[in-house]
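Q: Next come the chains, spelled out residue by residue.
Protein chains: 2
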Amino acid sequence: METQNGESGYVEILQKSQRPFNPLVVIEFTAGVKQAAIEWIVAKIQKSKAAGGAELDVNAVVMHHKQETVLYVGGSTERLLWAADMMDIKKEYRDGYHHEFSVDDVTNFRGSKDLDSFLTMAEKQKIILHELEAVRATEDDTAIAGYERFRLLSGNSIIKKYVSNGIIAKMYPLHDEEEIKRLGAEWYQLKKFANEQPIYQIRDYFGEKIGMYFAFLGFYTVALIPPAFIGILYLVTSWKSMYREAIFAVFNLIWATIFLEAWKRYCSELSFKWGQAQDVELNRSQEPRAMYHGTMDKNPVTGKPEPRYPKYKRSLRFYGVTVPVVGFCLMVAFYLMLGYFYLQAWADEVYAKDKTWLNMTLIYMPTAIYAVIIGIVNNFYRKIAKILNDFENHRLQSSYDNHLIVKLILFDFVNCFISLFYVAFYLQDMTLLRSHLAALLVTQQVIGQVREAMVPFIFVRRRKQQVDKVMQKEAAIQKVEYFNGEMDQTIQKQVNLESTMDEYEGTMDDYLEMFLQFGYVFLFSSAFPLAAFWALLNNVTEIRSDAFKMCRVFQRPFAESASNIGAWQVAFEVISVIAVITNCALIGMDPEVKKLLPSDISAVNIVIIFVAVEHVILAVKGAVAYCIPDTPKWVEIELEKMAFQSKQALHAERMAAASSQQKKLGDLLKLETRETSI
Amino acid sequence: METQNGESGYVEILQKSQRPFNPLVVIEFTAGVKQAAIEWIVAKIQKSKAAGGAELDVNAVVMHHKQETVLYVGGSTERLLWAADMMDIKKEYRDGYHHEFSVDDVTNFRGSKDLDSFLTMAEKQKIILHELEAVRATEDDTAIAGYERFRLLSGNSIIKKYVSNGIIAKMYPLHDEEEIKRLGAEWYQLKKFANEQPIYQIRDYFGEKIGMYFAFLGFYTVALIPPAFIGILYLVTSWKSMYREAIFAVFNLIWATIFLEAWKRYCSELSFKWGQAQDVELNRSQEPRAMYHGTMDKNPVTGKPEPRYPKYKRSLRFYGVTVPVVGFCLMVAFYLMLGYFYLQAWADEVYAKDKTWLNMTLIYMPTAIYAVIIGIVNNFYRKIAKILNDFENHRLQSSYDNHLIVKLILFDFVNCFISLFYVAFYLQDMTLLRSHLAALLVTQQVIGQVREAMVPFIFVRRRKQQVDKVMQKEAAIQKVEYFNGEMDQTIQKQVNLESTMDEYEGTMDDYLEMFLQFGYVFLFSSAFPLAAFWALLNNVTEIRSDAFKMCRVFQRPFAESASNIGAWQVAFEVISVIAVITNCALIGMDPEVKKLLPSDISAVNIVIIFVAVEHVILAVKGAVAYCIPDTPKWVEIELEKMAFQSKQALHAERMAAASSQQKKLGDLLKLETRETSI
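Sequence lines, in order, name chains P and E. With full-length UniProt numbering applied, the first sequence closes on residue 678, and no number is skipped along the way. With full-length UniProt numbering applied, the second sequence closes on residue 678, and no number is skipped along the way.
Please keep in mind that the hints were generated in silico from the structure rather than gathered at the bench. Watch out, some of these pointers could steer you wrong.
Since copy identity is lost for identical chains, a pair holds within one copy or between any two.
Using 27 Å as the maximum straight-line C-alpha spacing, the simulated BS3-like pairs for lysine-lysine come out as follows [to be verified]:
#1 91 - 641
#2 264 - 313
#3 304 - 641
#4 47 - 170
#5 304 - 386
#6 647 - 304
#7 90 - 641
Bound-form chain P, shown alone:
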């Protein structure tokens, strides 16, 4: 057995360390992985930076009965601070701004009294991830040890290759039990229901990307209050002006614009406070995704060797493959929808002719069949979208994400909204539109709530009991290798628990849910004014259930930085433009509204009037968006202050250096005169 001769292997490679060991990140190998591969990477992780290693501390625990090896990775405070310096992590300086952390200036950073807790746990874990990924294959490393078939190219990130080749099954940072209890108490406890979300704590614990999502979710939910309030008001008051739908729709459209602009401002405020705003975007100098491939070349900015994939090839793949395939999928979704409506019409007809109980159940059959088929198609499409996105071979994770977002949005837009468009503008049946919209919105939300909140809650309770049982059994059968002192039993229990947790898949699905809801609320607001109310009701609980999921259901995700919500901002803005068109068309088609106009106006002129109104609303919308600055004034001033100060400092430095050089310029000038006279 490979495990047996491996046992001594560790001892040879490792020097035992007496430093206190604080595990931060867990690496789980797939069961049955060759010992050589494990030993090789453990050695790489422990080796010094100079020798091409990560210079981090590792504890290895081997569970004999499952053939699984688990690594616990940590690092000394000194090592992590140096890495933070090299990674340009931003920390609060004594001047109150966020500056790139520098070890030789450490005493001027806030919170540097206690160096061990100067970096947050999330920052430490992010650093460890970065350092692990930065361990690269040298010229001599041609393949993963023990696996000749997994070739390595010089410069490949070894750990990424382990993950992509399935040798490493999971890699996740550990939760901070104390901190997560404190955060949970602030965030999702029922008694704090009316409080604001602890956005800054969330960011400290989960990083900027997830912090930004919850800030957006909270901001959007608050923004739903006025339309929800007016919707309720319309429902309960007897005031039934003919204009009410129109007034409500116009209010909603302008409100959506103001909300999106106000969010941009709030977002840039958070971005500044979190030290994310000052960066120039350096896309090309960023390292490519692990899966990016191409012929080896030099990076045009950094000069480092990296694969290069010409843009025209990507465009060819995009326009030649992605566009037709996605177009075909959208067509399929469209025809499915048509089929549903024909089937429904047929069922209605049958029931109308012969009102038996059997035929009554027939009425509900098309909806049920449609729901099932859509579910299957949707799953299938998501797989296709991912394959296409991989196939496009994007260099950066951010552009990969944005292209995937667009693919998912397109399909979900057609899937969820095309039937509404069909009812509204082809069938032109306002009653059906209202009931269809209400049914879609409310059922999707109820299903979502159950799936997201109830099911995981039950699972978590059951899982904990299981883990307790397993731990009792395992204590007897597991074989442990210690390199940095004995592992705490509570941490092992924690890892056993977190190992069974689901991996957090990123913010994509959460944003997508909000995006669809935003569409339901604003695209047809004149048809169903109560939509905002239902959405508000959903989001108030959504926030708490999402919070619970983050804290208790999922493995902790690695912190990622973000300065805005990326492609989603554009997606929401596009919906808000389409909403102007749909609402104007809906109101223009309403026979009630037409009655209000003088009777001698021709039908053509009525259409022209509504088109004119639509253009005016679009122009106002554009003007509002243009006039509201994207950054609050104080943030602008602070950013300028920083830029100005660094410029001044450069200037002062130059002047100091120049006083000794002044003679030099004089000499140069004299020299010149002499040369000319000669």
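We have chain P already, so just place chain E on it with the hints.
A: Chain E alone, transformed into the frame defined by chain P:
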């Protein structure tokens, strides 16, 4: 007489200098200005920087017969280089990039072999202007010498106060006779007619702002070739498809979008090559306009004392005064247009009833009256716009300019286009629209050509002869004070000539002309496909006549930097959006086009089809604009390279400093452990 006791005054203040004196900038005082004021500012200009002066060289020439004093200002190479360093002027470095010039690094800048010609003449003049304006009133300077009523506040720019109080009549940089001949030969000589403009030479001579205007003019003119070609093709070929107007219009609309996007790319390319692109916009740290006023406060970024004018007051003035006044002016222009059409209809009627010669002249009366009134109203409005803009009290010149541009655009848009809208969409008379459009476009261009090219040409010839005569007379009567050696007779003749030249009013009117032309060509292209051809014809000569004006008719303007065309980009883009709406409406109204559709389509559905087409074109336009990157790839790479390199340098520096500090961090950590153990 004050001039008499002033004569000795100069001698007391000035030390005679033996350095070769090269005059660069001319300052002309108003006739009859008190000698004390002149002496005071001459002293300030000559004093050392440390003593609050400009440390520049001055020659004063007094013309007794007119009581006019003229100052010639220059500076030593050393002085100018130091100022260039402090002003962060960008020069080409040996790595090929533009970097902020630094005296102690001078040998690494390209062209530093010959330091006297290292800075271009335009740069030297720009530096002198900056240094003159940087001479500020101290605590002791309470008023302009000799004029107790012209109060000074500590920190006021003295020379700006001289200009705004009318003590200085003119201040302009001298032309470089040799260089302007060379530039002119490349630029507007008939034999070089087919050549490209020497954009880089223009930029070197006139600065980036004017260089950018001519680059835009040239780029736009070339972009007119395809629509002009198609317009001609339609005219000469017998192919008379019903769709031809529609095809032409759609081509034009997409072409306009591509042109504007392509210009943005070309613009950012120029901006990069001219060293303008790398700056973060530091608005708040820029010095306010000379005319900006408010209560004294501190600049929020630099901390320097400066007037502060709260934003709400400006908004109050803008929405409370500017908006109503401008709105009223637009109404007046609209009613004038209505009046014209009524008068014309009346005259037509009279002539139709009684076709006498007298009544025939009557037909042309309304147009003549309208033209005259519009001319007067336009002049009047420009004055109002300037007063309103001053009243709004903008802090920066750029925001002052942009607000003035918007005001002028609004009025000229109504003035020039509203009658076309009236004919197209109210009267719905396509024949009248075509003839009206042709008349407006062609007459405006002919008038413009005559005014801009012919008249100045004649003036310049006469002026030269006059100056020769004056010089002969003046040689006897002028009294000259020399401080830096005798003034060259040719330079004095040159100044006498340039003094009588018109001041160049900036690029505003030139852009406005192009803006209106762009509107004529694209707003109604389906009605008058030949518009692009006429515009092209005009611009080919316009470029040369503008070039001639710049070189021979106007005083040389001070070079100003610019990285784009500012508010004009937005203005052109807005027109290109409006053009989609107008063209779709025009084609939709065309009875010929309607005949092509199946006859069973209702009128309402025809309108809806055209609205749908319009929305699709707008969406395509938006997508095209979104998909074409605003910056060419190579510029992006270069910019990122620069940012990356400076980041790397910072890093390397930090690492070097850190090696000695590494112990320090270790000490800190040890200290901490000790403290905890105690």
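Q: Check each numbered hint from earlier against the structure, then list the numbers of those it violates in ascending order.
A: 5
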